[in-house]
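*Asks:* Each chain is listed here by its residues.
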Amino acid sequence: MTTSAPPLAGTIVAPRASRWPIFGWFAFLFLIASQITAIVISPPDRDMGDLQKIMYVHVPAAWMTMLAPLTVLVFGLRYLWKRREQDDLLAAAAAEVATTFAGLTLALGMIWARPTWGVWWTWDARLTSMLVLFLILAGYLAVRALIDDPERRAQWSAVVGILGAINVPIVYMSVRWWRTIHQIQSSPSTVDPAYVIGLRLNAFAFLFVMIYFIRRRYEAALMERAAEHASRAAALGGGR
Amino acid sequence: MTTKKGIIIGGIAIIVAAFAYLLYGGLDKNIVYFLTPHELLAKGTKAVDVPVRLGGQVKPGSVKWNDTTLALHFIVTDGTSEIAVDSKGAPPQMFRDGMGVVVEGRYGANGTFNCTSLMVKHSNEYRPPKPGESVQEMQKTLIKGASS
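Heads up: the sequence lines are chains A and B, in that order. Going from the first sequence to this note's numbering is simple: count from 1 and add 6. Going from the second sequence to this note's numbering is simple: count from 1 and add 31.
Just chain A, same shape as in the assembly:
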């Protein structure tokens, strides 16, 4: 069963050189420019002073931790529906990036929490649900590493991807459903325009960086699979 000829062997082709590296340069330069702009134009907050500036990395990272698992969900479901291997690889690439951003959100949140709240960590619903999301995403990557058969690997990781995506709205609503130390969502009516501009710029910067990361990891995954298919074909052809 595991040695059955891969049905999609012919369709996986290593990607050719593209304009994506240029997009990558654009994304990172845009990020640097957005960070500098946000930090320079925003006055200190009346409560937390310059610590407010952590917002420009923590909040965009958190937003990407909402978007990336939804990408995992969409392409995981599409794989289960259409059985195109590319969808599985794209979902996997998004999961890797989602894990990164989840870890980044947690780490930056802890750095922000220590001087403002007074603790690195506390088990409130927002922090706990975010940690659960991070662990599910890490589980997704573990499942992929543990299952050798590409088809079963794709099916099981799609299931874990669904579980992760279920957790996204829980993380988002946690601050409204339960009492937490984490404040509820800010909106342009609760945030001074001086901070909103910088936050929006950096949200786009993080989005571009995320798209770039997912694309490059997807390309790498395509190349890995193309190599796997080639070596399997060579082994099967050379043995007989």
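The set of hints was computed from the structure by calculation and includes no laboratory data. Note that beta-carbon positions come from the ideal geometry of N, C-alpha and C, so glycine has one too. It is possible that some hints are incorrect.
[Unchecked claim] Derived list of chain B stretches under chain A, where covered just means 3 residues or more per stretch with a C-beta under 8 Å from a C-beta of chain A: (1) 69 to 79; (2) 113 to 127.
[Claimed, not checked] Each computed SDA-like pair below joins lysine to any residue, with the alpha-carbon atoms no more than 20 Å apart: (3) B:77 x B:135; (4) B:161 x A:185; (5) B:161 x A:76; (6) B:74 x B:140; (7) A:88 x B:35; (8) B:35 x A:86; (9) A:59 x A:35; (10) B:119 x B:141; (11) B:90 x B:131; (12) A:59 x B:165; (13) B:74 x A:185; (14) B:35 x A:90; (15) B:35 x A:47; (16) A:59 x A:76; (17) B:35 x A:57; (18) A:88 x A:76; (19) A:88 x B:43; (20) B:35 x A:87; (21) B:119 x A:126; (22) A:59 x B:158; (23) B:35 x A:84; (24) A:59 x B:160; (25) B:95 x B:70; (26) A:59 x B:154.
Here the structure of chain A is known, so what remains is to put chain B in place on it, guided by the hints.
*Replies:* Leaving out everything else, chain B in the frame of chain A:
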């Protein structure tokens, strides 16, 4: 092929349902991160000397700080009830009159809350200081000599 697909989708549905039940059903509204002063006092003797989190606002004008013993006293209020809190050490930077706080510790039989961990809750508002105002840092005014 179609039945195999059906089994997989069915299996996924079961796992998802189980997971959702564990997360939503189990948690429900039972998990309360902190009690308000009103809720804590309503528990009566059941709440005395057990580890608990208390949340509310720092009652304006209630903060007392001893420079040499580092003892910090303040009152936590929810508008209807209030509880006096005994703490030790410098508070987090955002600590000040009227700020939301969550304190961990035990409510003593003497009617004061012995705080082992003091956390400050920030609102979802971010505003620069108004003209003529400076960044509010009670901590710096409490700890004389820390700043200049």
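*Asks:* Each hint: holds or not?
*Replies:* Hints, one by one, checked against the model:
{"no.": "1", "hint": "69 to 79", "in the structure": "violated (count 0)"}
{"no.": "2", "hint": "113 to 127", "in the structure": "holds (count 5)"}
{"no.": "3", "hint": "B:77 x B:135", "in the structure": "holds, 17 Å"}
{"no.": "4", "hint": "B:161 x A:185", "in the structure": "violated, 30 Å"}
{"no.": "5", "hint": "B:161 x A:76", "in the structure": "violated, 40 Å"}
{"no.": "6", "hint": "B:74 x B:140", "in the structure": "holds, 13 Å"}
{"no.": "7", "hint": "A:88 x B:35", "in the structure": "holds, 14 Å"}
{"no.": "8", "hint": "B:35 x A:86", "in the structure": "holds, 11 Å"}
{"no.": "9", "hint": "A:59 x A:35", "in the structure": "holds, 19 Å"}
{"no.": "10", "hint": "B:119 x B:141", "in the structure": "holds, 18 Å"}
{"no.": "11", "hint": "B:90 x B:131", "in the structure": "holds, 10 Å"}
{"no.": "12", "hint": "A:59 x B:165", "in the structure": "holds, 17 Å"}
{"no.": "13", "hint": "B:74 x A:185", "in the structure": "holds, 18 Å"}
{"no.": "14", "hint": "B:35 x A:90", "in the structure": "holds, 17 Å"}
{"no.": "15", "hint": "B:35 x A:47", "in the structure": "violated, 58 Å"}
{"no.": "16", "hint": "A:59 x A:76", "in the structure": "violated, 27 Å"}
{"no.": "17", "hint": "B:35 x A:57", "in the structure": "violated, 54 Å"}
{"no.": "18", "hint": "A:88 x A:76", "in the structure": "holds, 18 Å"}
{"no.": "19", "hint": "A:88 x B:43", "in the structure": "holds, 16 Å"}
{"no.": "20", "hint": "B:35 x A:87", "in the structure": "holds, 12 Å"}
{"no.": "21", "hint": "B:119 x A:126", "in the structure": "holds, 18 Å"}
{"no.": "22", "hint": "A:59 x B:158", "in the structure": "holds, 12 Å"}
{"no.": "23", "hint": "B:35 x A:84", "in the structure": "holds, 16 Å"}
{"no.": "24", "hint": "A:59 x B:160", "in the structure": "holds, 15 Å"}
{"no.": "25", "hint": "B:95 x B:70", "in the structure": "violated, 25 Å"}
{"no.": "26", "hint": "A:59 x B:154", "in the structure": "holds, 16 Å"}
Hint check: violations occur at hints 1, 4, 5, 15, 16, 17, 25; the rest are consistent with the structure.
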